[in-house]
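Line by line, the protein sequences give chains A and B. The first sequence begins at 1 in our numbering and counts up one residue at a time. The second sequence begins at 1 in our numbering and counts up one residue at a time.
A few of these clues could be false.
Identical chains blur together in the list; that is why a pair holds if it fits in one copy or across any two.
In silico DSS-like links for lysine-lysine, alpha-carbon gap of 27 angstroms or less [as the list claims (entries may be wrong)]:
(1) K208 <-> K239
(2) K204 <-> K270
(3) K277 <-> K128
(4) K277 <-> K380
(5) K381 <-> K277
(6) K204 <-> K174
(7) K270 <-> K128
(8) K369 <-> K277
(9) K418 <-> K337
(10) K128 <-> K204
Since the hints were derived computationally from the structure, they do not count as laboratory data.
Protein chains: 2
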Amino acid sequence: MNQYAAMNRVQLQEEYQRLLDAYQAFQAQGLKLDMSRGRPGTDQLDLSTDILDVKEYIAPNGFDCRNYGMPNGVQELAEIFAQMMEVPVETVVLGGASSLNMMFDKVADAMVHGVGGGKPWLLQGGIKFLCPAPGYDRHFSICEYFNIEMITIPMTETGPDMDMVERLVSADEKIKGIWCVPKYSNPQGITYSDETVRRFAALKPAAKDFRIFWDNAYCIHHISDTHEKLLPLYEECLKNGTEDMVIMYASTSKITLPGAGVAAMATSPKNQAWDRKRTGTQRVCPDKMNMMRHLAYLKNFDGLLAKMEDHARLLRPKFDALCAKLDAEFAGTGLLKWHKPNGGYFVSVDTLPGCAKRVVALCAQGGVKLTGAGATYPYKKDPEDTNIRLAPTGIGIGELTKAAELFCICVKLASAEKMLG
Amino acid sequence: MNQYAAMNRVQLQEEYQRLLDAYQAFQAQGLKLDMSRGRPGTDQLDLSTDILDVKEYIAPNGFDCRNYGMPNGVQELAEIFAQMMEVPVETVVLGGASSLNMMFDKVADAMVHGVGGGKPWLLQGGIKFLCPAPGYDRHFSICEYFNIEMITIPMTETGPDMDMVERLVSADEKIKGIWCVPKYSNPQGITYSDETVRRFAALKPAAKDFRIFWDNAYCIHHISDTHEKLLPLYEECLKNGTEDMVIMYASTSKITLPGAGVAAMATSPKNQAWDRKRTGTQRVCPDKMNMMRHLAYLKNFDGLLAKMEDHARLLRPKFDALCAKLDAEFAGTGLLKWHKPNGGYFVSVDTLPGCAKRVVALCAQGGVKLTGAGATYPYKKDPEDTNIRLAPTGIGIGELTKAAELFCICVKLASAEKMLG
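Okay, chain A solo, but in the shape it has when bound (with noise of 0.2 angstroms):
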């Protein structure tokens, strides 16, 4: 039971003339702060804005990237790509500047060309992928534009519910695809577990052109010091002699700078021949200049998590105070749950069933943009209107105290309106 469930009516309208009036007060502040996105703070900018110093354009190998040429890229760039993704650096394929891009793209060459040798997607028609949810809007974006039946699949603290994965996959040919981000997820945080990856590798999917699009965007993006290990995929897909099944993205857009980074994609030989016959009619060569001002910038792998260090340092007070106010809010209060992640670039926030879309509205009037409500889910619908995507990178310190005050008067107002009916 909730602490508003406890009180009587007159108690609860109280409480609720209360918060009107703290509400009222920050909506004459005037605020106009932005926690819609997973930006990183102007601090994490300036981490890398020294990569512009760089001048370096002959590649390792003798190679004058200001010129045309090259079609696979600076390959020591891939090297630290391997290390990273935790994969075989042959599985590497380098791209331009958005992994989003890379993804997309991949399923766009799926809809006219097939997967694997099977019949373009379509032309099979009535194609559909499995969708973790809460998970990444943009993700569920892509099956939308392509028209791409989504089927939500519950998110558990161990990664998506298995049990439903692996039934719905051996059942149905029209499956093709999964949209995973298994470390430090889109929005909650949480990383699969081993016998989650485990039974990933050993799916058997009906549909023999069914792929796992495991975007591994926040790998090394810790933000505590409690490193969490995810069980590298790649590995236990060749102990099940299914490497085919999974493509793999990563990109430096939240280790350099956002848009500006090189991004990246693992994926078996055979694979990767299907995708060099689209990148070499696509464009001459990517971009190797940014190629080489990353590898020069970050030299290494060893480089790289350096650099990933410093993000954590102006990461973690973020995430801290945001929590802590969460915690001194409402613990013991059932009106919210939450989890603190030790990385990524979010916190997850479950209000009361039917709440989350009236605090997104009510923050937005009081001077707070969020995601939008139900943007965690497929066709923006969550079912029970609770999960809220806090993303509290980019703005300053003191700026989310504000917000994170604002909004747990939100969350406490749009609960005591609910149980006022």
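With chain A fixed as given, assemble chain B onto it according to the hints.
Using the frame of chain A, we list chain B on its own:
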């Protein structure tokens, strides 16, 4: 009648032996030169290497380009593209580093989502494109990749054979596009006449989802002091109400650094709305840091033109040397046809029928790699086997002189072989 046809068999055999000796002497030199692609020379790359000095990251509108956001990119750079492409600034859409990628992506989009509300091309089936030829091999590769049937349109001195273009597009609603390099065309270096441009603007295609892919890759890429003028197509289309029919492309790849520049598209508001649906799903934002690098470096359209003057100064001696050699060896012989271009990156030549493949093979064995014979035609099939694309830009002038000498020997050798039967 060509020079060799006027010789008797003994004379021709003597000539053949003389050429073979010269060829073998060349082979002994062990050359290893690449004239296969339109690559800038190292001296041209040096012109723009100080773009690496740019440190600016705050856009003119105050946006910090180091972070996510600003999905349409740095609009001040769009203004430079607008002047370069001679289009209204509001038609310009900035992209990543590759205009080829933008064209590819547009065709990929049409396959799955259709064009302007039309049925997806993949579901329509039997889609065709018109391919003025000789033309750009990478355009043709996009058609092959998407299994789009290519119809060859002969090139004339004023552009594609417009009688044929008009007749075909008005009669066949399966014809959905045409590839054009309207200025300093690849490979001939000719510029479409005003009449050709006006006829393009006035096309009445049977297919409502027909689009002109206007790849203005060499729009300001003059070599000589004669700056050819291309009538701006978009303006002409506006007069005809056909502005939705055209999508124009350009990039800075041969202005700053190839493969690391900024690409752009120019098209109507209606086509842009269609495009935004895709790019909004495809990526968070373009690489704005590279846009800032280009804006701060080029500053404005005048800065860009000054850079192109520098390029022309370096390119002119190469085209002069190559064409002077062709003049000296072939004027009046009837063995080779060519045109000295005022811009672009190529010299297109035509051998006697049935000789081009042999010439390219002889050059390769002599140590000079040329673009594959036939590459300038759909399906790599030059019906007469005459066209060869020479790319004189990527090598030094001393090397070029040697390569040109070898090329001339090979043309004569292949011609003599042919005449000897």
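Going down the list of hints, with the structure as the test:
1. In this assembly of identical chains, K208 and K239 lie within 27 angstroms of each other by CA distance solely inside one copy; the values are 18 angstroms within and 53 angstroms between copies.
2. For the identical chains of this complex, K204 and K270 are intra-copy neighbours only, at 18 angstroms inside a copy versus 45 angstroms across copies, given an alpha-carbon limit of 27 angstroms.
3. For the homomeric pair K277 and K128, the shortest alpha-carbon distances inside one copy (25 angstroms) and between copies (21 angstroms) are both at most 27 angstroms.
4. With identical chains, the CA atoms of K277 and K380 are at most 27 angstroms apart between copies only, with a shortest distance of 17 angstroms across copies and 35 angstroms within one.
5. For the homomeric pair K381 and K277, the shortest alpha-carbon distance between copies (20 angstroms) is at most 27 angstroms, but the shortest distance inside one copy (37 angstroms) is not.
6. In this assembly of identical chains, the alpha carbons of K204 and K174 lie at most 27 angstroms apart only when taken from the same copy (14 angstroms versus 41 angstroms across copies).
7. Taking identical chains as interchangeable, the C-alpha atoms of K270 and K128 lie at most 27 angstroms apart only when both belong to the same chain, with a minimum of 23 angstroms there against 30 angstroms between chains.
8. Taking the closest pair of Cα atoms, K369 and K277 come within 27 angstroms of each other only across two copies (23 angstroms); inside a single copy the shortest separation is 43 angstroms, beyond that limit.
9. When the C-alpha separation of K418 and K337 is checked against a cutoff of 27 angstroms, the pair qualifies only within one copy, where the shortest distance is 17 angstroms, while the shortest distance between copies is 84 angstroms.
10. Taking the shortest alpha-carbon separations for K128 and K204, only the intra-copy value of 16 angstroms comes in at or below 27 angstroms, while the best inter-copy value is 40 angstroms.
Against the hints set out earlier in the document, no violation occurs for any number.
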